[in-house]
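Here is what each chain is made of, one letter per residue.
There are 2 protein chains.
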Amino acid sequence: MKIVVIGTNHAGIATANTLLEQYPGHEIVMIDRNSNMSYLGCGTAIWVGRQIEKPDELFYAKAEDFEAKGVKILTETEVSEIDFANKKVYAKTKSDDEIIEAYDKLVLATGSRPIIPNLPGKDLKGIHFLKLFQEGQAIDAEFAKEKVKRIAVIGAGYIGTEIAEAAKRRGKEVLLFDAENTSLASYYDEEFAKGMDENLAQHGIELHFGELAKEFKANEEGYVSQIVTNKATYDVDLVINCIGFTANSALASDKLATFKNGAIKVDKHQQSSDPDVYAVGDVATIYSNALQDFTYIALASNAVRSGIVAGHNIGGKELESVGVQGSNGISIFGYNMTSTGLSVKAAKKLGLEVSFSDFEDKQKAWFLHENNDSVKIRIVYETKSRRIIGAQLASKSEIIAGNINMFSLAIQEKKTIDELALLDLFFLPHFNSPYNYMTVAALNAK
Amino acid sequence: MKIVVIGTNHAGIATANTLLEQYPGHEIVMIDRNSNMSYLGCGTAIWVGRQIEKPDELFYAKAEDFEAKGVKILTETEVSEIDFANKKVYAKTKSDDEIIEAYDKLVLATGSRPIIPNLPGKDLKGIHFLKLFQEGQAIDAEFAKEKVKRIAVIGAGYIGTEIAEAAKRRGKEVLLFDAENTSLASYYDEEFAKGMDENLAQHGIELHFGELAKEFKANEEGYVSQIVTNKATYDVDLVINCIGFTANSALASDKLATFKNGAIKVDKHQQSSDPDVYAVGDVATIYSNALQDFTYIALASNAVRSGIVAGHNIGGKELESVGVQGSNGISIFGYNMTSTGLSVKAAKKLGLEVSFSDFEDKQKAWFLHENNDSVKIRIVYETKSRRIIGAQLASKSEIIAGNINMFSLAIQEKKTIDELALLDLFFLPHFNSPYNYMTVAALNAK
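Sequence lines, in order, name chains P and Y. full-length UniProt numbering puts the first residue of the first sequence at 1, with every later residue one more than the last. full-length UniProt numbering puts the first residue of the second sequence at 1, with every later residue one more than the last.
Check the hints yourself; a few may be wrong.
Chain copies aren't distinguished; within one or between two, either way the pair holds.
To be verified - The list that follows gives simulated cross-link-like pairs (lysine-lysine, DSBU-like), each with its CA atoms no further than 30 angstroms apart: (1) Lys172 x Lys54; (2) Lys149 x Lys217; (3) Lys384 x Lys317; (4) Lys69 x Lys362; (5) Lys362 x Lys396; (6) Lys87 x Lys54; (7) Lys265 x Lys214; (8) Lys446 x Lys414.
Worth flagging that the hints you see were computed from the coordinates, not collected in a lab.
All chains, please: the whole structure from these sequences, using the hints.
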């Protein structure tokens, strides 16, 4: 069987590796317009903020690896068209050579692309996006310039908040804008996001929330020099747009069933409306166990797993995704937040009737006074069924990075908050309290 | 209704508090021969090893708290007999006053007692056990003596290993004995326990494993001065017996159905063979989801939860325990180990046919070279059903203290190792890798 994979980042790599390792013997062709693969975008802010010196280790696979496994890999090759009826992919190499690859099975792993705010001045020099390695390099080069002092970051989601931290670590003045009233609004309720806002402000990042960018203005050299919002005008030397991503599905969105944001609709086998076409990673929808429905959640962790599922199904073993909870985490200047499932706000937006239980305690036993950070927890649950649909944790302790994985499984398994109260969570003073804050938050649920 | 609770430590307190908070109006009598309550025994080594200065904060409840809630609480009062037929408890106060308390419902929360090795010289001065606060005080006083230099700890389970660390932190020479070939043998397989052995040895603790104590010898003042094993004789100034605990069920073991170690047999409502008698905490059996059967696991975390379950059932709300996995953790000189369910060795001893998948990786993304400890993981699963029945984690990273809670839930929910491979575990370089070591260990399972 011949399998063509368009897109060689996390999802495409996971699909190809699953096929190569578990179902050897298939002919695999991988195509990507980029020159590099497996770039860990979430490492950009760590590198650009000089928490690590170089970007070299932000990759985990390269074309030669796949060539060595017998894969035909075409980098810097742009797919121009897919003929779904005749099962052919048309592409052009860097040197304009025409490529036609027939397929038995096609895998769309084209990921997502940054949303471009359609504002006057959007194409000025000095306005950047942040997804690809090359975009990270461009921003790193800008940060190196002495004259680039004031940086506006538009969008205080994960990417925006992280690159704002990086800019501050590089000694820049940083203005962080968002239309929402807090940072991280899509993953956390205000009571939690405010903790990150305070952390950002304490570290000298200027917050401009509830504020909408209207226009970018240029200096004489055509470089962005001002950002105009619905509230004021600010002098800036650089703008980084981080208002979000959308599915990069143009190649197929007119032929295959798509979600409201253009993402390719798939079932739990990652199969699209065309049985010979699979879609994986950020280009595809995904089943949310919190929502109990398909939705769109662009995360590298989902990309990897969806690739594994597609690889098995294409390889011949029927395997359903167990669905996801949108588990995520962020660490800014040592302040950590993790969440999974839906926030109260997100749940209400989706019409779910929910309640929540909040609690705050020290991570470790109260009698340990050193290195014992406080932890805020919120458990969100359906009021009637009491099924857990979300959890948020915030602390300087890293242990919350493990505990959120338990909540992710609890949502997947449709556990109620009352069942969670009885879950066997171990106790050792070095790590937690006899009445673990997760147990107490669950016990306290009205 | 009148409810008598015998034993006022974690399980008894949880039962009483559940009744008081959720089902007010019952008459509650609490009886305990001890003068203190709610002592966190797992804090003893932390206090005696001077990681904290004083024991004052190792308690979370006192008799007056319960008196204020209308409870009749009799401390330093020893129950001599229970007349199950006539539902009466006979006890004697410190001043030898006779107490008779009739009950509608009785709760046995008498905990566990240290196993005393029946060896010549077992009653010599300078031979200690470690369960109660008073026993912690006695050991602390011994550690303060200049002349007490060489300390033998018999039994390298959790309590023995922790008090060995404490003795070393107090500058003592420490000899740690165990009949097994490693420390922590009941919770960890050798490949994992060896990591703790190396850690103990590196910190100067003399390990004597695969060695059985035979006799204790005394000096002229009747103080223990030598320990004789099946291999050699050792001069010591103090012996701390930590060979384990057994259910403290003498008051009822001849009248109620008991487990092979004398623990009171209970169902998932914590009800004993006598419908008016409940048993909670270390005196009772408990349902193990790993084993899919009742067994005996003496842990404070189980004690708390079993008390909550009993309180609800007595109060009138039918509630089944969700069972436990025996989740546990230990941290010795900053080396952390957590486990849940059964080790390979424990599973095989119980006749289960199991396989396991091991993996080792850094906790955080590979490109973070600071504060990024390696983590060893073992997932144990039934060979045929591939149901996960155990997990072991070892690292200097504290994040394993959260991750083990996910495995505890996975065992409770009978997840297979293949389902675990697809679980939504988030990725952020600050906390983990794109291919999380838990995902990889599950993917690698043969």
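The hints, checked one at a time:
no., hint, in the structure
1, Lys172 x Lys54, "within (20 angstroms within a copy, 47 angstroms between copies)"
2, Lys149 x Lys217, "within (17 angstroms within a copy, 77 angstroms between copies)"
3, Lys384 x Lys317, "between (38 angstroms within a copy, 18 angstroms between copies)"
4, Lys69 x Lys362, "between (50 angstroms within a copy, 26 angstroms between copies)"
5, Lys362 x Lys396, "both (10 angstroms within a copy, 20 angstroms between copies)"
6, Lys87 x Lys54, "neither (42 angstroms within a copy, 75 angstroms between copies)"
7, Lys265 x Lys214, "neither (33 angstroms within a copy, 71 angstroms between copies)"
8, Lys446 x Lys414, "both (19 angstroms within a copy, 29 angstroms between copies)"
Taken one by one, the earlier hints fail for this structure at numbers 6, 7, listed in ascending order.
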